[in-house]
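Let the hints inform the model, and build the full structure from the sequences given.
Protein chains: 2
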Amino acid sequence: MKQKPTLKVIAKELDVSVSTVSKALRDSKEIGEETKQKVKAFAKLYNYRPNNIALSLKNKKTKTLGVIIPEIVHHFFTTVISGIEQFANEKGYNVIVGLSNESFKKEVINLEMLANGSIDGFIISVAKETLSVKDYYHLSETIDQGIPIVMFDRVIDEIDCDKVIVDDVKTSEKAVQKLIDSGCKHIGIISTKDYVSVGRLRTEGYSNALKASKIAIDENLILKIDDKFNSNDNLEFLEEQIHDYFETNEVDGLFAVNELYAITAMKVARQKGLHIPKDLQIIGFTDGVLSKHAYPPLTTISQHGFEMGEEAAKLLIDRLENPNEEEEPFRTTVVKTEIIDRETTKL
Amino acid sequence: MKQKPTLKVIAKELDVSVSTVSKALRDSKEIGEETKQKVKAFAKLYNYRPNNIALSLKNKKTKTLGVIIPEIVHHFFTTVISGIEQFANEKGYNVIVGLSNESFKKEVINLEMLANGSIDGFIISVAKETLSVKDYYHLSETIDQGIPIVMFDRVIDEIDCDKVIVDDVKTSEKAVQKLIDSGCKHIGIISTKDYVSVGRLRTEGYSNALKASKIAIDENLILKIDDKFNSNDNLEFLEEQIHDYFETNEVDGLFAVNELYAITAMKVARQKGLHIPKDLQIIGFTDGVLSKHAYPPLTTISQHGFEMGEEAAKLLIDRLENPNEEEEPFRTTVVKTEIIDRETTKL
DNA sequence: TATCAACACGAAAACGATGTAGCTCAACGC
DNA sequence: GCGTTGAGCTACATCGTTTTCGTGTTGATA
Numbered sequence: 001m002k003q004k005p006t007l008k009v010i011a012k013e014l015d016v017s018v019s020t021v022s023k024a025l026r027d028s029k030e031i032g033e034e035t036k037q038k039v040k041a042f043a044k045l046y047n048y049r050p051n052n053i054a055l056s057l058k059n060k061k062t063k064t065l066g067v068i069i070p071e072i073v074h075h076f077f078t079t080v081i082s083g084i085e086q087f088a089n090e091k092g093y094n095v096i097v098g099l100s101n102e103s104f105k106k107e108v109i110n111l112e113m114l115a116n117g118s119i120d121g122f123i124i125s126v127a128k129e130t131l132s133v134k135d136y137y138h139l140s141e142t143i144d145q146g147i148p149i150v151m152f153d154r155v156i157d158e159i160d161c162d163k164v165i166v167d168d169v170k171t172s173e174k175a176v177q178k179l180i181d182s183g184c185k186h187i188g189i190i191s192t193k194d195y196v197s198v199g200r201l202r203t204e205g206y207s208n209a210l211k212a213s214k215i216a217i218d219e220n221l222i223l224k225i226d227d228k229f230n231s232n233d234n235l236e237f238l239e240e241q242i243h244d245y246f247e248t249n250e251v252d253g254l255f256a257v258n259e260l261y262a263i264t265a266m267k268v269a270r271q272k273g274l275h276i277p278k279d280l281q282i283i284g285f286t287d288g289v290l291s292k293h294a295y296p297p298l299t300t301i302s303q304h305g306f307e308m309g310e311e312a313a314k315l316l317i318d319r320l321e322n323p324n325e326e327e328e329p330f331r332t333t334v335v336k337t338e339i340i341d342r343e344t345t346k347l
Numbered sequence: 001m002k003q004k005p006t007l008k009v010i011a012k013e014l015d016v017s018v019s020t021v022s023k024a025l026r027d028s029k030e031i032g033e034e035t036k037q038k039v040k041a042f043a044k045l046y047n048y049r050p051n052n053i054a055l056s057l058k059n060k061k062t063k064t065l066g067v068i069i070p071e072i073v074h075h076f077f078t079t080v081i082s083g084i085e086q087f088a089n090e091k092g093y094n095v096i097v098g099l100s101n102e103s104f105k106k107e108v109i110n111l112e113m114l115a116n117g118s119i120d121g122f123i124i125s126v127a128k129e130t131l132s133v134k135d136y137y138h139l140s141e142t143i144d145q146g147i148p149i150v151m152f153d154r155v156i157d158e159i160d161c162d163k164v165i166v167d168d169v170k171t172s173e174k175a176v177q178k179l180i181d182s183g184c185k186h187i188g189i190i191s192t193k194d195y196v197s198v199g200r201l202r203t204e205g206y207s208n209a210l211k212a213s214k215i216a217i218d219e220n221l222i223l224k225i226d227d228k229f230n231s232n233d234n235l236e237f238l239e240e241q242i243h244d245y246f247e248t249n250e251v252d253g254l255f256a257v258n259e260l261y262a263i264t265a266m267k268v269a270r271q272k273g274l275h276i277p278k279d280l281q282i283i284g285f286t287d288g289v290l291s292k293h294a295y296p297p298l299t300t301i302s303q304h305g306f307e308m309g310e311e312a313a314k315l316l317i318d319r320l321e322n323p324n325e326e327e328e329p330f331r332t333t334v335v336k337t338e339i340i341d342r343e344t345t346k347l
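Protein chains in written order, with my numbering: chain A, 1 to 347; chain B, 1 to 347.
You can trust all of the hints, since none of them are fake.
Treat identical chains as interchangeable: a pair holds within one or across any two.
With a cut-off of at most 30 Å between alpha-carbon atoms, the simulated DSS-like pairs for lysine-lysine come out as follows: (1) 170 - 185; (2) 63 - 2; (3) 292 - 224; (4) 91 - 58; (5) 23 - 2; (6) 4 - 314; (7) 170 - 134; (8) 2 - 314; (9) 170 - 346; (10) 170 - 314; (11) 336 - 314; (12) 61 - 8; (13) 105 - 61; (14) 44 - 134; (15) 105 - 63; (16) 105 - 2; (17) 224 - 336; (18) 2 - 106; (19) 346 - 224; (20) 105 - 134; (21) 4 - 91; (22) 211 - 193; (23) 106 - 44; (24) 36 - 4; (25) 106 - 40; (26) 292 - 346.
Simulated from the structure, these hints should not be mistaken for laboratory data.
In structure tokens, the structure reads:
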């Protein structure tokens, strides 16, 4: 086992000083050509690489981004991570991932674990529990300490920072409008409780679309699922709720705020003998593997997770590398969405 | 914006030495009770946290694990990451994620980017391209430098290190046996090219099962997909290949080495008017969201990704924290698998 | 011959923390 | 009165780099 060489050992070996080695490797003009060559050759031979930790300490930059998400077993979040990773890597940054598991406490712990010098900035999608208890101290404190945060998807209006979102309201309007245009008369929505910002906004879009077409809003058609936890932990619960919903409501169009809700609704509808899209048209939100490979393939809204990730990384790295007295105003990037037409709608 | 305080500023503020502050905070008996209290109170007030980077440099340990996987938009890998993350966090470790995108070059770059002090050890599932070009220098060199590696799922026999795998051969045997028991007479397999270890082993299990039942092996029934790249990049290609396969072969049982192959096969079969499971029974490998939410829900083999992740993290951290002259023999943990019976098989 | 760049290099501080070794002052024993 | 002891604190080295500020040796110039 050959240990990684340090400047010191190279210096000793070559009988020069540490500074000389450092400068030679960085091609400083202070060092003579001959010495440079000698040092470089030696460094290459022993495969010298500067120790990142030492550099981080010196530069007070780690070139590492902390990404904290509710769960990773989730197509949308993984595409976002891909985007972050790609952009970050291009810029020479690494990515540390922390999972909050939708828990407020774990989110706080993760933040604290990393906000001690390990990372330069955060990209975060807030846990449902955090949104529900409305305790944002850990976030504001982190920002206060000079560590920038970029929020994506689930954002907090009260916190001032860069954000990457989709236009949930407008997008949902478009989706519901499509349902209307396809002839649906009784359009329902399966959403989340209002504390989840995206759920609230998408419900708002749903209402807007109906109003615009002068369709009365029937509160019974609005189902707000209360899933505080991981999406897969309470699948039966979800199925049950949707089942009850179908028992008490007759709908011919359904807008679901995520693909799991959409897929589950399809499953329940099928059990009830409904044919999709003949008897019931469905549009989901978030284009993931489930939508693509569902039967029938689900018409859905793509929110371009990869681009959201890229954009979030870009915002963060921009801010990190241009600390213009941090007086730069905070930006909110709206990533455009797109309806992917598949087979659960007629149009 | 209040900057994070360091020992130095606390020391100056309280008019004691840096060492005193450090020791007071660590409850050293060298320091008088009074001073301790004073320092602790001050530290709490200003929310002092030791700088991780400085500690890493001093201790030559980063308490960070590097995880390099082919792609993250993939249910199996994300469950593994969840497992890694959970175990690592419990032990006070962080997780840096690197994506190889199935590319040899990106794998090498990722390894080098992290093997300069940023991490204490690696957990890796090797890129397909790496397996295909059989160039393992970056891996052996990393190990040679004293950075331990744990491989999972896609492992390399020639490299000596800790490994976490499932018993692909035995498991596949069981699956195919199940198909035989369910009355299938013409059983096919959709696998990968042989350089992907898991594909080769699962094909081996397939053959074994047939041999055990004295069924002649028909090479035509063995389809080896050559997808060097990301699973989603060449979906049409995959579909085409499977389509051709069905054109030239009559099968009533199918074993697919991953869920995407299985789902795609179901789709093609459906297009050909085959009823599942009446006309064709299918078993997949890897229990993901696709299998669970497919129509009909796919009978599949769960390889317990979460446990694999936990196990990998455990092996790595064990080795990191017990550097018993690194003479500890390398271990290979075999995580047990399980057939999840759903609706694409009769039994 | 004294002066002065230019050149090539080294010493030392700094980043933030820890731990060893040493210092100072008081109390105590004999 | 002198050595010993211990409590309580500080100085300093260290981890691996970078960078600023010297410093000694040239060779050229006035």
